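Visitor: Spelled out from the first residue to the last, the chains are:
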Amino acid sequence: MAEKAPLSFAQIAASEEVATPLRVVQIDGLVVLKIIKHCKDFMPALVTGQLLGLDIGSVLEVTNCFPFPSRGGEEEEEIEADGANYQLEMMRCLREVNVDNNTVGWYQSTYMGSYQTAELIETFLNYQENIKRCVCIIYDPQRSGQGVLALKALKLTDPFMDLFRNQNFTGEKLREQNLTWQDIFQEIPVKISNSALVSAIMTELETDSPATQSDFDRLVLSTNPFIEKNLEFLIECMDDLSMEQQRFQYYYRNLSRQQAQQQAWLQKRRTENMSRRALGEEPLPEEDPNNPIFKPLVEPSRLDGYLITNQISNYCSQINGFSGQSFIKMYMMDAVHEN
Amino acid sequence: MPMGSTVLQLVSGPTGTVAKVHPTVLFNMCDSYIRRNDQTDRVIGTLLGSVSSDGTVDIRNSYAVPHNESLEQVAVDIEYHRSMFELHQRVNPKEVIVGWYSTSAGVSVSDALIQDFYAREATNPVYLTVDTTFQDETASIRAFVSTALNLGDRQLAAQFHEIQLDLRMIEAERVGFDVLKKTIVEKLPDDLEALETSMLRLQSMIDTVFKYVEDVIEGKLPPDNAVGRYLADTIASIPKISPDAFDRLFNDSIQDLLLVLYLANLTRTQLSLAKKLNSAAQIF
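These protein sequence lines map, in sequence, to chains A and B. In case it helps, the working numbering puts the first sequence at residues 1 to 339. In case it helps, the working numbering puts the second sequence at residues 1001 to 1284.
In isolation and in its complexed conformation, chain A is listed as follows (with noise of 0.2 Å):
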């Protein structure tokens, strides 16, 4: 017997096909600074763009980038056409360029890391249409003033995405599929690269001075307004989750209610019945579809409680991790005084 042949390039592609899950998004650090550069030119507005790139296995590169222009006031419609017509356009462009041509996801700002809105899943189907592995990558401005690099990829997990896509968000069926509210955000871990011609560039070009800006930004020592607005926003968010729970108490009464409804008719129906047969007439049926206590009450989506304690449990991860980083500042602070 021969050896086994090499495999085809067809053949290849096919076994690939077979999903290896994605494992890290590979960004280049041209595509970090232009993000970086776009949402910080517009802030406090946020702003959208387009990651391109490529899907390799388990890692899927993003090797360049292209900002949304920002949406003024004009007609919808009108704003969808042009948004579509400058895609095309810039992609084109780009292409005769030789940038990689594949759309891979796209990146937005965030403020105070909100970013887990309906929208943002809405538009995570829209892009997952065409694209079978797509990303998002969020930057946070404001976080990054302290000196952090606050960048995140994010996808939905599949299981969600089934969910949305059905419509399915009745308590049965997350049950059902066990899914929780943290299971509806991957993060996906994030690795830089960069070419070897930027990297000997960015080498000679590093500053010989022991203090950069990023030191100078998380050494600042005013903590407060930061923290109030994560307050702020956590309290907003606590109102929302009480809402949502005062909908689903509503229903729950009314549920209860109409099953109390139907079971009295039921029992009327049944002592009738009783009666008819005594007299030997047709007994009537036991159910009727006509009947307004049978029409099945619709049970609220718990997608937006699922999201609202997702939003919670970030501001909540957020303002753990600062005011650790805080302590740190205020026992250095003291260290220095007592010198």
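Derived from the structure by calculation, the hints contain no laboratory data. Just so you know, not all the hints are guaranteed correct.
Just so you have them, the derived chain B footprint on chain A, three or more residues with Cβ under 8 Å [to be verified]:
hint	region
1	95-102
2	196-205
3	212-221
4	304-314
5	323-335
Quick caveat, the model's predicted, so the values are computed rather than measured. For glycine and all other residues, C-beta sits at the position ideal for the given N, C-alpha and C.
Let chain A serve as the given structure and place chain B on it in line with the hints.
Guide: Coordinates of chain B only, in the frame set by chain A:
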């Protein structure tokens, strides 16, 4: 014919200008150089940005423009340049054309022609060159402006003057050179790690200063008035607070933080409790 009009006029150009470069521009240039077409030696492109009132040119964005170059002639894809400019304008109308770039070691003959073209797009275009071939083993990044040499009304030649280039790049520092200068970064630095490096750096700086001051006191180093003044200013910039007041301030802040932390953790506990209750409902 009056004499004046035939005199070779050397216009003194705006050589005092300073160009500031955003790191995105350099990254973009490198990227397009790597992705250049086969058998082209360099890439050129348009620089976008703004010119401030004091003449500083702020170069903030760029895009590559396809071009063809042979010994005698240069052909720049003007249409591409125009449409790309329009697209960029839609995103950020404040960024206008301020010049062009090329990945070559310095000014070459054909550059005058391209400069001529860009002079029609912007007044006083800046010409930025980055030597991506590392000829003298450094990436020499230089910027030029040109002035026209006129003989009467006729233009004879263009003269390139090198201008000062500001490469401090605060934006790059914000991201961190550690992230930008390695070819691969496995993990983004997280908040606490970043703070730790900053503090270590601060500590080493304080140590350096300590050592210097001690050396001066012991007479190992000659005292330097300028350095002494800087040190005095630095120490004076720390506000003088009485220990009592400082203690109060410190404790207040710590207590505020603790309270907030407590609240946040309480909320988290509630959330995980809710989650457990939700999945417990499944069993019953």
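Visitor: The structure should be examined with respect to each hint, and the outcome stated for every one.
Guide: Results for each hint:
A count of 4 residues in the region 95-102 of chain A with a Cβ less than 8 Å from any Cβ of chain B is obtained; the coverage claim is therefore met, three being the minimum. Only residues whose C-beta sits within less than 8 Å of a C-beta in chain B count toward coverage, and the region 196-205 of chain A has 10 of them, enough to reach three; the restraint holds. Beta-carbon proximity to chain B at under 8 Å applies to 7 residues in the region 212-221 of chain A; the threshold of 3 is reached and the given coverage holds. As drawn, the region 304-314 of chain A meets chain B at 3 residues by the rule of a beta-carbon pair under 8 Å; at three or more, the given contact holds.
Look at the region 323-335 of chain A against chain B: 11 of its residues bring a Cβ nearer than 8 Å to a Cβ of that chain, three or more, so the hint holds.
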